Amino acid sequence: MIHHLLISPFSDQQMLRALVACLALSIGFAPIGIILIMRRMSLIGDSLSHAILPGTALGYVSAGAMSVGLMTIGGIVTGLLVVFFSTLVTRNTSQKEDTSFASFYVISTAIGIILIRLKGGDEEVVHMLFGDAESIDNATLFLVMAAASFGLTVFAIIYRPLIIECFDPVFMRVSGARGGLYHHIFLGLAVISLVAGFRALGTLMAMGLMLLPAASARFWVNSIGKILLVSIAIAAVSSVGGLLISYYTHVPSGAAIVLVAGGFYLVSIAAGNNEGLRKKLLKSRRLHG
Amino acid sequence: MFCPYEWKIPIGAERCLAYCRGRINSYPALGFGPTCMPVTLENLSVVYDRDPVICRLDGAFADGTLTAITGPNGAGKSTLLKALAGLVDYEGAIDLGNVTQSEIAYLPQIHESDKTFSISVFDLVSMGYWHKAGPFKKFTAAMLLDVEKAIEKTGLKGFADSAINTLSAGQFQRALFARAMLQDAKLILLDEPFSAVDVSTTKDLLNILEGWSATGKTVIAVLHEMDQIHEIFPETLLLARECVAWGKTAEVLTNENLARTRNIMAMEIVT
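Protein chains in written order, with the working numbering: chain A, 1 to 289; chain E, 1 to 271.
Since the hints were made in silico from the structure, they are not lab data. One thing to keep in mind: the hints can contain errors.
List time: in silico PhoX-like cross-link candidates among lysine-lysine, alpha-carbon distance up to 25 Å [stated by the list, open to error]: (1) E:Lys149 to E:Lys137; (2) E:Lys132 to E:Lys153; (3) E:Lys149 to E:Lys138; (4) E:Lys132 to A:Lys96; (5) A:Lys279 to A:Lys226; (6) E:Lys138 to A:Lys226; (7) E:Lys153 to A:Lys226; (8) E:Lys203 to E:Lys153; (9) E:Lys132 to E:Lys157; (10) E:Lys137 to E:Lys203; (11) E:Lys248 to A:Lys226; (12) E:Lys248 to E:Lys115; (13) E:Lys153 to E:Lys138; (14) E:Lys115 to A:Lys279; (15) E:Lys203 to E:Lys132; (16) E:Lys115 to E:Lys153; (17) E:Lys157 to E:Lys115; (18) E:Lys138 to E:Lys203; (19) E:Lys115 to A:Lys280; (20) E:Lys157 to A:Lys226; (21) E:Lys132 to E:Lys149.
Here are some chain E residues the structure puts well away from chain A; computed CB gaps all over 12 Å [as the list claims (entries may be wrong)]: (22) Thr100; (23) Phe139; (24) Leu145; (25) Arg179; (26) Leu189; (27) Glu242; (28) Arg262.
In this text the structure is predicted, and so the values were computed from the model without any measurement. All residues carry an ideal CB built from backbone N, CA and C; glycine is no exception.
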């Protein structure tokens, strides 16, 4: 019975490809999600995920079909363009990073939606934004796995300077180190990962699998290494659960996966033993009781 | 005994010589002199949004001295440290003497640090070896041992594996001092290092400061506590956007000078 409900759906080739893709994303997303949260850049990550939409849409329009190569290149290019322009605005005007990123991402989302509707219908819009596990072919799967491996490798190489830059950028500046360089390499990695994830999860939802597991993990453990492992585990379980929900109910896979991850997040807020609600309640009871 | 800057920098020269002599008088046992290479400020001004924060500051911090910077809020004390650390743009000139940029250790005010980050005390302290390890080089066994030692010296033994977001303000400051120890900096800049820190931590950290100064490091600290300044810091710079007085602590912190400081700040608020 359990085998029939939970395991047999994955004997389907399509589901299996989606599962492998989502598991690879779970691993590849984890370090990026953690840094985004640690650096209080969740909103900027969100902006990036929207920023890739017009590029992917342009790839879709020009190829006339879901062409992995063009959509990927388009997504990476527009994602990096938004990073470039937002940084330009932040550096040269009095506007803060979050405002400039948010401004550019609404613009790019608008462009993206219009481009998709020029060529396709409502269904394409939904698939682009919320993911379509059934669209994952071997080429997409290869892309996802390559992006995850590449991201992890680069992350491992720049781990030390990146963590120091996140924790204490002033220290890096005074030490004469090029902290900004690692910050930008990291943003580049975030763009590549999000582009890799958009077929399975959608551009709107990819961010969910990146942020929610890391945010949940922080309520349980308190060192970067452990947060990494716990968030990979949460992301993997969310992927399996979400894909099954999507399989049985035909809702978009990205939304289903993010919903399961969201469930983990809510439970973690309530039950987590590290700075969660439970600790706060215990503390106040100790104070009053 | 003369200061090599006597001919190198015309404006700061006179002061520099005076400061070096002053230092030699106050630390006769060290017998510095020909190697004296002070950190010199020449007509230094910092402007934020057309608002002058520091006005035409001239003077020098002789090496190996402990200098307190004090003055009312908004006097430009933190800004001066930031200018020395190379963190803000300024007009005029700062000559770091024989100190290079990477030989500066700077501790900002405690509330400017991110204390919610999930790294351990050990990781934080080991950042102090950035000048040796850089972004990619391996930490040798000797370096790891040094990290342990620095943690012990600052009284954090047993806390190496604690996450920094579980530390008290005093413990966090101790960890930052341990990091500064490893940095092996020649110029140490501290912005209100003892605000929000308990008494015993303050005492320990002041000892460390004196140790740094004794080994020839130049220490400049923004402070408010007059007792601390009188007790530990031989030199004081009294700042009210401009230099009110700069020299021997007892000669600087006179009632007359403090009253002048208040007048200058009050006048600037009116205008």
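Outcome of the hint check:
1. E:Lys149 to E:Lys137: holds, 21 Å
2. E:Lys132 to E:Lys153: holds, 20 Å
3. E:Lys149 to E:Lys138: With a Cα-Cα distance of about 19 Å, the restraint between E:Lys149 and E:Lys138 holds, given a limit of 25 Å.
4. E:Lys132 to A:Lys96: violated, 34 Å
5. A:Lys279 to A:Lys226: holds, 20 Å
6. E:Lys138 to A:Lys226: holds, 22 Å
7. E:Lys153 to A:Lys226: violated, 29 Å
8. E:Lys203 to E:Lys153: holds, 13 Å
9. E:Lys132 to E:Lys157: Holds, at about 24 Å.
10. E:Lys137 to E:Lys203: With Cα atoms ~36 Å apart, E:Lys137 and E:Lys203 exceed 25 Å; violated.
11. E:Lys248 to A:Lys226: violated, 52 Å
12. E:Lys248 to E:Lys115: violated, 36 Å
13. E:Lys153 to E:Lys138: holds, 24 Å
14. E:Lys115 to A:Lys279: Distance ~18 Å between E:Lys115 and A:Lys279 Cα, so the pair holds.
15. E:Lys203 to E:Lys132: Violated - the C-alpha atoms of E:Lys132 and E:Lys203 are around 30 Å apart, more than 25 Å.
16. E:Lys115 to E:Lys153: holds, 21 Å
17. E:Lys157 to E:Lys115: Distance of about 19 Å is within 25 Å: holds.
18. E:Lys138 to E:Lys203: violated, 35 Å
19. E:Lys115 to A:Lys280: holds, 18 Å
20. E:Lys157 to A:Lys226: Holds, because 23 Å separates the two Cα atoms, which is no more than 25 Å.
21. E:Lys132 to E:Lys149: holds, 17 Å
22. Thr100: Violated, since 8 Å does not exceed 12 Å.
23. Phe139: Violated: least Cβ distance 10 Å, not greater than 12 Å.
24. Leu145: holds, 19 Å
25. Arg179: It is violated; E:Arg179 is separated from chain A by about 8 Å at its closest Cβ, not greater than 12 Å.
26. Leu189: violated, 8 Å
27. Glu242: holds, 26 Å
28. Arg262: Answer for E:Arg262: holds, closest chain A Cβ roughly 31 Å.
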